[in-house]
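Colleague: Please build the complex by placing chain B on the supplied structure of chain R, with the hints as guidance.
Protein sequence lines, in the order shown, are assigned to chains R and B. Counting from 1, position 157 in the first sequence corresponds to residue 157 in this note's numbering; the numbering is continuous, with no gaps. For this note's numbering, count along the second sequence from 1 and bump the result up by 1000.
These are calculated hints, taken from the structure and not from any lab test. Since the structure is predicted, the reported quantities are computational estimates derived from the model, not experimental observations. Certain hints may be false.
[To be verified] Here are some, though not all, of the chain B residues that point toward chain R, as calculated from beta-carbon distances under 7 angstroms: (1) Gly1024; (2) Val1027; (3) Ser1050; (4) Thr1051; (5) Leu1056; (6) Gln1095; (7) Val1172; (8) Arg1176; (9) His1236; (10) Glu1237; (11) Asp1241; (12) Asn1244; (13) Lys1246; (14) Ala1251; (15) Lys1282; (16) Leu1380.
[As the list claims (entries may be wrong)] Cross-link-like lysine-lysine pairs, in silico, DSS-like; alpha carbons within 25 angstroms at most: (17) B:Lys1246 - R:Lys183; (18) R:Lys99 - B:Lys1246; (19) R:Lys298 - B:Lys1215; (20) R:Lys358 - B:Lys1120; (21) B:Lys1349 - B:Lys1391; (22) B:Lys1366 - B:Lys1348; (23) B:Lys1349 - R:Lys280; (24) B:Lys1338 - R:Lys298; (25) R:Lys144 - R:Lys70; (26) B:Lys1349 - B:Lys1366; (27) B:Lys1336 - B:Lys1349; (28) R:Lys296 - R:Lys249; (29) B:Lys1223 - R:Lys296.
Idealized CB from N, CA, C, for every residue including glycine.
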Amino acid sequence: MEMMPIKIFHTADLHLGMKFTRGYAPDVQENLVEARFETLRSMIETANRQDCDLFVVAGDLFNNQRIPKKDVLRAADLLKGFDGRFVLVLPGNHDYIQKGEDQLWSRFHESMSEHTLFLDAPRCTDLTPHGLDMIVYAAPCTAKHSSTNAIGWIRECPKEPDTSFHCGIAHGSLEGLSPDFNKDYYPMSREELSTAGLDLWLMGHTHIRYPDEDVGTEAKIFFPSTPEPDGFDCKHPGYAWLIELGEDKSVRYQSIQTGRYRFFTMERELSAEDDVEVLKSYFHKLDREKHLVKLKLKGRVQGEIYDERSAMLTELNECVLHLEANLSELFREITVEDINREFTEGSFPYKLLMALAKDQQNPISLQIAYDFIQKVRS
Amino acid sequence: MIVRELKLHPFAGITNLEINFEEGLNVVLGPNEAGKSTLVNALKMALFMSTKYTKLIFDREIMRFMPLNGGDTIQVDLSFALGTEFYRLSKSWGQRKESTLTLPTGGLLADAQAVEDKLKELLVLNERTYQSILFAYQAGLGSTLDSLDKDPTPTEELASILRRAIFQTDGVSIERLGRTIEDACKDYFSRWDKELKRPPDNRGIDNPFKRGVGKVLGAYYEKERLHQAMQEALGHERQMDELNRKIRALADEIEALEEFVGTNRQVVDDARKRVLLETRKKALEEQDRRLRDISQKWPSLEQEIKTTKEGLKDLKKRQASLSEELKDAEAYEANKQKLEKFARAEKKKVELNTARDMLAGMKAIKEADFRLLEQLNNELKRLETSLEAGKIALTMIPEKPMELRVAKDFEDEISCTLEMGESLEVSAGGMIEVRHPDWIMKVKTGEMDFDEVNSIFNQVSREYQNLLNRLNL
Chain R
1 MEMMPIKIFH TADLHLGMKF TRGYAPDVQE NLVEARFETL RSMIETANRQ
51 DCDLFVVAGD LFNNQRIPKK DVLRAADLLK GFDGRFVLVL PGNHDYIQKG
101 EDQLWSRFHE SMSEHTLFLD APRCTDLTPH GLDMIVYAAP CTAKHSSTNA
151 IGWIRECPKE PDTSFHCGIA HGSLEGLSPD FNKDYYPMSR EELSTAGLDL
201 WLMGHTHIRY PDEDVGTEAK IFFPSTPEPD GFDCKHPGYA WLIELGEDKS
251 VRYQSIQTGR YRFFTMEREL SAEDDVEVLK SYFHKLDREK HLVKLKLKGR
301 VQGEIYDERS AMLTELNECV LHLEANLSEL FREITVEDIN REFTEGSFPY
351 KLLMALAKDQ QNPISLQIAY DFIQKVRS
Chain B
1001 MIVRELKLHP FAGITNLEIN FEEGLNVVLG PNEAGKSTLV NALKMALFMS
1051 TKYTKLIFDR EIMRFMPLNG GDTIQVDLSF ALGTEFYRLS KSWGQRKEST
1101 LTLPTGGLLA DAQAVEDKLK ELLVLNERTY QSILFAYQAG LGSTLDSLDK
1151 DPTPTEELAS ILRRAIFQTD GVSIERLGRT IEDACKDYFS RWDKELKRPP
1201 DNRGIDNPFK RGVGKVLGAY YEKERLHQAM QEALGHERQM DELNRKIRAL
1251 ADEIEALEEF VGTNRQVVDD ARKRVLLETR KKALEEQDRR LRDISQKWPS
1301 LEQEIKTTKE GLKDLKKRQA SLSEELKDAE AYEANKQKLE KFARAEKKKV
1351 ELNTARDMLA GMKAIKEADF RLLEQLNNEL KRLETSLEAG KIALTMIPEK
1401 PMELRVAKDF EDEISCTLEM GESLEVSAGG MIEVRHPDWI MKVKTGEMDF
1451 DEVNSIFNQV SREYQNLLNR LNL
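Looking at chain R on its own, in the form it has when it is part of the complex:
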């Protein structure tokens, strides 16, 4: 049989069913939940447009084991929209496969299409009978935590030398890339991956794009990141990989930007009205339909700016879908001139504030004293 190049759309960590209970407004919460399904649909459309042969979900398609039935069926239906040869779905550590009664995956299995390969066990699947010069080695997760990864068996597994591509699909942390200090999440090392005898690793778990480049030809290990950003820890857009495997065993990959929402975490120091204007200007460039911002404002500003901070936040809030603002380190700038202007020279409050104003390192004391004095002065 003549073997053709293989095109793979690689995603992971979609976390369908994530609830977003972090204090978002109800409509925002609903949109964030819905967006993850929309992103799956959108990725399948992209994969179809790109004529992909395989659509690979390398773990955590679902956020947990208790996903409502309708959501499971919806995901299975969306995956049926893929026009390529196979959809490959691997259970990750959030939607791990359970022995015995596993409602999540039994429902998925019942409603998935015939061209979905559910990688529910550590075994290899030969795709060559289907015209794809590839053998897939699956390493599904069987618990949320595991100090041992699931790829150990692959190294010992005899490899068919006539097959061009031996492709591992696994889920877990990668040493040096993933934050897994206690080694709880199926920890893997590059050494383990590179000595397993495979040509390609399609991974999931870490919400960081790896390799962190838009296009390339050298990498063998791929983490696509989450396709739909899911919180302020995710500072980048959603990504997926489009990977082309040539007949000459070449690998070309391209990072595809996916997802609807962006989460921005920013910290700004304000000192003058210009800074406020710059901040406002930045916010006015954001998308009020798609962007969520966690903002921390620091610094000491003139009284008139400080007094107008609520109005400023209202203005900023209108520029984005969701704004979490922390102003605990933003203080009124109380200068020597301010004290001179507002307090009688030699008076108790004058002396107190002047003494505190000399300590530039501790503006909060000056701020508190000023606020107290203003409160009792009226």
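Modeller: Frame of chain R; chain B shown alone:
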């Protein structure tokens, strides 16, 4: 500083007004809304409000003085003297923002910041000080004047009085400030050890304070609660992982066993069948053994049955006979008491007849004879009884065999033969007599005279016998 001229053109409700102040105290009098306060505001604006300002400052501080009858600019000119030096200040706000200060030398400052800096230098004290003292309003004026009235040297003491009254606290109530700080401290740090940065008395989340919890402690408890909840959730997840691991191990084991069973199905089936067949075989062997045993015993048992059957006939006959006998016995038993009673009656009847015969043969006895007979008989019995009351015993052991004749009391003599060593033991009431061919031995009791008693007994006996003979008894 002595203010000489003040010009408003325009400022708030005043379109154009120029006032020249004289040496000494100037008093401005007028009804309400005449513009007295506007003059003070214009003076303050000229001295302290820069013409370089933000929109916010404009909105808050300047806007209210914009001309009421239209126009976008307000302006105040001020001439003042410091000692012998004269200055002229001009400021405008609104659309036109300008500051100029003409110096005594004739020099002109037109940069807003330079004008402000120079003014601060000339004024010495800060804005607030001027506001507190020089721009005293009606409310504070009374107390100020009272102080002045009481003080003989108002000019010299003015500063110290005002300093005491106003400078020291600048309108701030120290007590209120103290309370505010205390309240805030309590609000934040109630039940919180600031040095150790934890609740006092080891009252952590496991034994929390219920009342008087300050904001810091509240936040600490909340953090600890969240930490606990997090740990609990992690614990559950770990537990779940462990359970999953066990379930998986067991499921794998089941799978392996099922695979093994699947592979060895035929063997397993054969083994099961063999177990079944062996059971059956064992049962059949047992049955065969029993049948053989029966077959072997059959002839003898058959003969035995035949014999037994014959014996059974005899037994049945015997049973019939015994049954009859039993009936008779039962009937006999039933009649036995009646027969015994009958026999006793028969016997009594015979005795009755005998008694009647005897009675018929008896002669009639006179009562005197009967009394005598009874008396003699009683005497005889008394004598016998008296003998029985005494008691003697004789034991004799011969050294060689001998023939003896022994008599005692009123009894007849008897003979006896004693072997060597055999003892003769005789007891009596009054007398024992032993006769040997060679000797006679008599033993009498010492309590009575036996011979006399014997003589009486013999006499009474003779009388008694004679009477019986006479009466033919």
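Colleague: Are the hints correct? Go through all of them and say.
Modeller: A quick look at each hint next to the structure:
no. : hint                  : verdict
1   : Gly1024               : violated (27 angstroms)
2   : Val1027               : violated (26 angstroms)
3   : Ser1050               : violated (11 angstroms)
4   : Thr1051               : violated (16 angstroms)
5   : Leu1056               : holds (4 angstroms)
6   : Gln1095               : violated (21 angstroms)
7   : Val1172               : holds (5 angstroms)
8   : Arg1176               : holds (4 angstroms)
9   : His1236               : violated (10 angstroms)
10  : Glu1237               : holds (5 angstroms)
11  : Asp1241               : holds (4 angstroms)
12  : Asn1244               : holds (5 angstroms)
13  : Lys1246               : violated (9 angstroms)
14  : Ala1251               : holds (4 angstroms)
15  : Lys1282               : violated (42 angstroms)
16  : Leu1380               : violated (126 angstroms)
17  : B:Lys1246 - R:Lys183  : holds (21 angstroms)
18  : R:Lys99 - B:Lys1246   : holds (10 angstroms)
19  : R:Lys298 - B:Lys1215  : holds (23 angstroms)
20  : R:Lys358 - B:Lys1120  : holds (21 angstroms)
21  : B:Lys1349 - B:Lys1391 : violated (45 angstroms)
22  : B:Lys1366 - B:Lys1348 : violated (30 angstroms)
23  : B:Lys1349 - R:Lys280  : violated (159 angstroms)
24  : B:Lys1338 - R:Lys298  : violated (139 angstroms)
25  : R:Lys144 - R:Lys70    : holds (23 angstroms)
26  : B:Lys1349 - B:Lys1366 : violated (29 angstroms)
27  : B:Lys1336 - B:Lys1349 : holds (19 angstroms)
28  : R:Lys296 - R:Lys249   : violated (49 angstroms)
29  : B:Lys1223 - R:Lys296  : holds (21 angstroms)
Checked against the numbered hints above, the structure violates hints 1, 2, 3, 4, 6, 9, 13, 15, 16, 21, 22, 23, 24, 26, 28; every other hint is satisfied.
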